[in-house]
Amino acid sequence: MKNADTAVSFRTEIKSWLQKNCPISQRQPIIQKEQIWGGRNKHFYNDDARHWFEAARDRGFTAPEWPARYGGGGLSADQAAVLREEMQDLGCRPPLYDQGLWMLGPALLVFGTEAQKQRHLPAICRGEIRWAQGYSEPFAGSDLANLQTKAEDDGDFFKVTGSKIWTTRADAADWIFCLVRTDDSGPKQQGISFLLIDLASAGVSIAPIPLLSGDSDFCQTFFDDVRVPKDNLVGELHGGWAVAKEVLRHERQLMASFESMAEKPKLNIIDLFNEHMGNENAYGISSTDIRSRLASHLIRDSAVKQLGNRIAQQHEVQSVDSRLPLLMKYLSTREVQHKNEIILDILGTRGLSLASPDNPELYDSMVKQWAFDKALTIAGGTSEIQLNIIAKRALELPSASTPE
Amino acid sequence: MKNADTAVSFRTEIKSWLQKNCPISQRQPIIQKEQIWGGRNKHFYNDDARHWFEAARDRGFTAPEWPARYGGGGLSADQAAVLREEMQDLGCRPPLYDQGLWMLGPALLVFGTEAQKQRHLPAICRGEIRWAQGYSEPFAGSDLANLQTKAEDDGDFFKVTGSKIWTTRADAADWIFCLVRTDDSGPKQQGISFLLIDLASAGVSIAPIPLLSGDSDFCQTFFDDVRVPKDNLVGELHGGWAVAKEVLRHERQLMASFESMAEKPKLNIIDLFNEHMGNENAYGISSTDIRSRLASHLIRDSAVKQLGNRIAQQHEVQSVDSRLPLLMKYLSTREVQHKNEIILDILGTRGLSLASPDNPELYDSMVKQWAFDKALTIAGGTSEIQLNIIAKRALELPSASTPE
Amino acid sequence: MILTSEQKLFRDSLESFLSSKLPIAALRSLRDASLSTAYDRGVWQQLAALGVSSITVPTTLGGAEFGWLAMGAVAQEMGRRLSPTPLLSSVVLAQGALINCANLDQINHYLPALLNGDEVWAVAFEERAHFSPDSVSTAMTPRGLSGGKCMVLDGASADRVLVSALNADGQSRLCLVKTDALGVKQSPSRLMDGRQYVAYEFSDVPESECDWLAGGASGAGWIQVLNQGMVVLAAEMLGGARELCERTFEYLKEREQFDVKIGSFQALQHRAAHMYSELELSQAAVDAALVGFDSGQGDQCAMASAAKALANECFQLISDEAVQMHGGMGVTDELDIGLFLKRSRVCNQLLGNTHWHRLRYADRAGF
Amino acid sequence: MILTSEQKLFRDSLESFLSSKLPIAALRSLRDASLSTAYDRGVWQQLAALGVSSITVPTTLGGAEFGWLAMGAVAQEMGRRLSPTPLLSSVVLAQGALINCANLDQINHYLPALLNGDEVWAVAFEERAHFSPDSVSTAMTPRGLSGGKCMVLDGASADRVLVSALNADGQSRLCLVKTDALGVKQSPSRLMDGRQYVAYEFSDVPESECDWLAGGASGAGWIQVLNQGMVVLAAEMLGGARELCERTFEYLKEREQFDVKIGSFQALQHRAAHMYSELELSQAAVDAALVGFDSGQGDQCAMASAAKALANECFQLISDEAVQMHGGMGVTDELDIGLFLKRSRVCNQLLGNTHWHRLRYADRAGF
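Protein chains in written order, with this note's numbering: chain P, 1 to 404; chain E, 1 to 404; chain L, 1 to 367; chain V, 1 to 367.
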């Protein structure tokens, strides 16, 4: 930061603002049902949540680095870092959860027209519209470019037909940003366009997908001759792949930091270990095995965070080793899965229920998290795709038509 | 076995023959320097070794299943199995070590002319000629068919030029069996021929390759216009690949059973553990880690043997699952390497020397074995090639020009 | 495993019965059934009629004496379909304990109803959240049998339950109690594998309701029953792992991405080959243990622990890989892959986790 | 790691010095040298003149105070070349112990000769075959200092040796002894990494020959010295691992098999990507620990153990993979790959194996 005095006074100001505006209840570890999601059907778990959301919204802190004219906080990267640190320090919950905020917004800032920015960004920052993402398709999977959902030219409109899968909570969202095929004559990464679609449009239907965790956070979204105004095209016609990559970059960052977004267990894993791993059986020292595995996980987990910090510091001094960010998703998602397996082993037969009347809710939610997190190494680019990318871009190994 | 009475009497006869002819000293776990290798420069460690070799040779038991007319024992598969079991039971050492015996002989029985069989097989069984194998080349590696050593037609002779690498103890061998290129106009697996070459021929030179273990069991063998009589061609001209595959099949079986051929440690790994893993340090229970890993190794090692037995039993009832033998080399070589790493960890700083005056020879030899066994997952078809083969032949996964 | 032609015939008939009566859909409907349902008792009676309850029972006791390899083959077929049956709970563990630990009068009295499927039993031997059969604090007091047991497989559907407990002399024995006896309280739950597990609370169950198994070798006999339970469970687990391998390898051959079958990607090929190697390696250990039960040769505890340790690791590896290789579809409840995944984690904890078995193996091997 | 421009300049000058004076060939010739040679002492004096012995020494004591990140960078460069120098033994451990555990008189007396390279020291703290710095039975008796130490790095080339021992009051302290003092016997050996390790036998070394380090915080100070030794060794190990990665990835790009570069095989690509991920993950932990030494922030023991545990696993993985991916050439002594492999296994045992560090980490983390 250029001026150390300014920096110090900015930090002091932020700290006191947070202390004043973020209620104590909003500084507890987040619980899924208390998350603040935006949208037309916005619902606050309690008044404190509403208060925190509204204060952050009015100050532009739902999107601290976005320009103020679009409803953001207008902070510099350095200032935003200070805000993040201070929020982390106090334990402030995110004031708004939204895929528009995390993924669409950053891409609109790069690729959107002025009209699109003015229309959509403030509504995102203010939590007025909740967004879903429409990338994957049943037959595409990792091969994203193989998408089949068609948008045909229909005068001032596109006519969209097809379906998108893994649209997170599309059943609760207002709009969806989609990749659609507008031309299938050339190579498949060409001829794709990026469209914004109002889910209230005629011809849209949505079906939840039951997961192995028993939840249905994901949906399949069907489009049957849905009319979408051409104003809703982001970027060039047939040029949606560039927009998509920008969004994907943000999604992968998101997946890498998924844990910090997710519900925090009420008991940390060390307390869990201490509570449950006594000398439980004839081979009582078998807790040594879990102890060693837990230590290994915590060591690796710290190292993942330290690697993340190193990348952030390199950004600050503008000397970025561009290979390092490629590693984050692969490493961090693996580690979350390791942790979950250790939790199952600590809990033993106490922890085998996804929902049971006599099992403390706490354990059930841990097991649900285990099941849910199985998707972390798949969604947002499988670990296999990540390894392909590392091999190609970081190690520059010769191509064998390895996909990414 | 058809006739149970015959079987019983055969077993009795074998047992008493072994007891009479195999001296007690030859029933101890084998030590490398006491192995009996054949050849013109045959050397016996002591008189017991000579006696055991000569008795086995005269009874045809150096090659129990080869026909008696070629110097073998003329035993049926069932009888040979009885012999193996009884030898194992008494702990009898192999009476002869030779690559001719293990690899060339079985291929000659299939592909050799009658004259070749009569000339070479008895000399092998009787330990008169020691053989080396000349397959690999510096630029071929796993891509065996890419070999460059040339054999040019020169009337009644071939003129051989090139070099072979990984020729095990070629410096101590009398003859070598080689793959050479006799035609390079077609696909590379064609145009290869299988030649037997007397290493005493003019133009042959041999240089040992120092290994990371500090030993030099392998050589590079150079051929400079070496004249080889055409009688020494095995199989069809340009048709050596078929012979090579037969040899390779035996080599892989050999690698899978390598451990039983190798020098046995004077201390088994369980005794080693008990001797060394006390409560050695502040985190004294850390021996639990090695205990668990050792148990895991022993469990897997038993299972590898049980899988081998299952394959053998299937052979007996002639209902072979042809996928199973493909797994043996991959699984068994990994397990040997696991064992070696556990040994290093048990020994701690006692076991870090390849040769040191104050380190008991016992530990040095274990560490040497660790270093040497690093080659097990490379030689005779790398583990990667084994996995390719399993994927293709056992699982029938679609080909992606995956080599084997 | 190499079966006799008789054993093969038996397995094949079982296979077709299970395919029609207990496909994976049976497990799915069980998930939504009331907690008191552990399995379809009518189907179980048909299975008993087919001989499933008498596979390893000596002919002298009215059994088929088909041997443990046949038992393993049946368990494997059930594992392939995640069939909810009381094979492990009522046959291998409870009936096994009756035969191994009871006196002849008791056997003659109770066995027929078990063999023909009229009765099903459970065994209550867990008091802690990690397998520890030697930790027994449930005891006969002057006021009756008291204590708590958890993780009783299929407990709420059982007519009687065998309880590991200290008898009046303080010896650890098995005590047979009717599940509707005075002082017996059951709390059933359905774990993530969809199966029923019950916590039992015994409060002063009168001595008159307790029939203590009193065979000569009841200690060693019970250990052997546990060994057999471990190996039959391991066989069932490998059935699941094998089914997953087959489904996953098929998927690799069918699914296209980037214009090629994903099974042509070498990284997936190597992982698939590794899965298959681990499967057959574990199968060899399980088969060896089954053969060991039939022959009585070898260290039965060591072989059982080897089998369960490998089955744990194998099923966990293969179910993880199956989910990952199926991609997004792998984490949905539409495919059955997730059902196997969840079953694998429950099986890991049942009858000893990997580390427990490794340490027991080490004990047996003398280090 | 993010170095200041001053630190970078220093590292770069070191790098070019090491490349010309201590390439891997230096280690190869050391292997064949007499057992009394641990490193080239002339080269070490040049390194000392370049400032290698004073990197982390406060300017008030005549040091450069360049910080631990710079020390890590130097260790990494030495690790890349397997450079035989007494950086770990004489600078990080011995000189570090002097500064951390001695009183000011002792520091002023001894430090200058160490800084300018005139003297080199060793530290003798191991009595067992597995790292256990708390096991100290060497002790000052009425007849003098007696006991045995093993695995003393570079011990036979040292002028003095710091011995962990019980003083006359039974307290565990460090005692400085000249290596040619009465009653000191050395048995050097060369381990498989080509480096010199010495067993010491102390038999009634007279009190007059013993100078006990007597600073205020000698207990905590010594633990911190060990932490620093662990992390500098970890940095050196990652230097080796990084060199192996680069060599292996180059080989994958050059070597052809089956008419294509072997680096185009996806199975190898994924393993290479995994190696690289593990390398950078471990590097992050090592850098964090180095930063921790400079800042004094954080649990120093926990960070040191995290760094060493990861470096152990990382170097072992990468050296195994490097050998395997180099195929037949990987197991020859012609390439340097095997030298790194052997170094990795020695480093694994030095200053604590993975499991030891995991358990220490758990202790610190409170579980």
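You may find that some hints are simply not true.
[As the list claims (entries may be wrong)] Straight line, CA to CA, 20 angstroms or less: simulated SDA-like cross-link-like pairs of lysine to any residue:
no. : chain 1 : residue 1 : chain 2 : residue 2
1   : E       : K305      : L       : E334
2   : P       : K305      : V       : K261
3   : V       : K261      : E       : A140
4   : E       : K117      : E       : K230
[Stated by the list, open to error] To list a few chain V residues with every Cβ distance to chain E over 10 angstroms, as calculated:
no. : residue
5   : Q7
6   : F17
7   : R143
8   : C210
9   : R255
10  : Q257
11  : D259
12  : G298
13  : G327
14  : T332
It is worth saying that the hints were derived from the structure and are not from the lab.
Idealized CB from N, CA, C, for every residue including glycine.
Outcome of the hint check:
1. As the CA atoms of K305/E and E334/L are separated by approximately 40 angstroms, the hinted pair breaks the 20 angstroms bound.
2. Using a Cα cut-off of 20 angstroms, the hinted pair K305/P and K261/V is violated, with the two alpha carbons roughly 35 angstroms apart.
3. Of the pairs offered as hints, the one joining K261/V and A140/E holds, with about 13 angstroms between alpha carbons and a cut-off of 20 angstroms not exceeded.
4. Of the pairs offered as hints, the one joining K117/E and K230/E holds, with about 15 angstroms between alpha carbons and a cut-off of 20 angstroms not exceeded.
5. A cut-off of 10 angstroms between C-beta atoms confirms that Q7/V is not in contact with chain E; the least separation is 33 angstroms.
6. Listed as a non-interface residue, F17/V keeps its Cβ farther than 10 angstroms from every Cβ of chain E; the least gap is roughly 28 angstroms.
7. Listed as a non-interface residue, R143/V keeps its Cβ farther than 10 angstroms from every Cβ of chain E; the least gap is roughly 26 angstroms.
8. In this structure C210/V is separated from chain E by more than 10 angstroms, as the shortest Cβ-Cβ distance comes to about 26 angstroms.
9. With a closest Cβ-Cβ approach of about 8 angstroms to chain E, R255/V is found to fall inside the 10 angstroms limit, against its non-interface label.
10. At the 10 angstroms boundary, the C-beta of Q257/V falls inside the reach of chain E, the nearest C-beta of that chain being 4 angstroms off.
11. Separation of D259/V from chain E is inadequate, the least Cβ-Cβ distance of about 8 angstroms not exceeding the 10 angstroms criterion.
12. Every Cβ of chain E is farther than 10 angstroms from the Cβ of G298/V; the closest lies at roughly 21 angstroms, confirming the non-interface assignment.
13. Listed as outside the interface, G327/V is inconsistent with that label: its C-beta sits roughly 5 angstroms from the nearest C-beta of chain E, within the 10 angstroms cut-off.
14. Chain E draws T332/V into its interface by the beta-carbon criterion, the shortest separation being 5 angstroms against a cut-off of 10 angstroms.
When the structure is compared with the earlier hints, violations turn up for hints 1, 2, 9, 10, 11, 13 and 14 and for no others.
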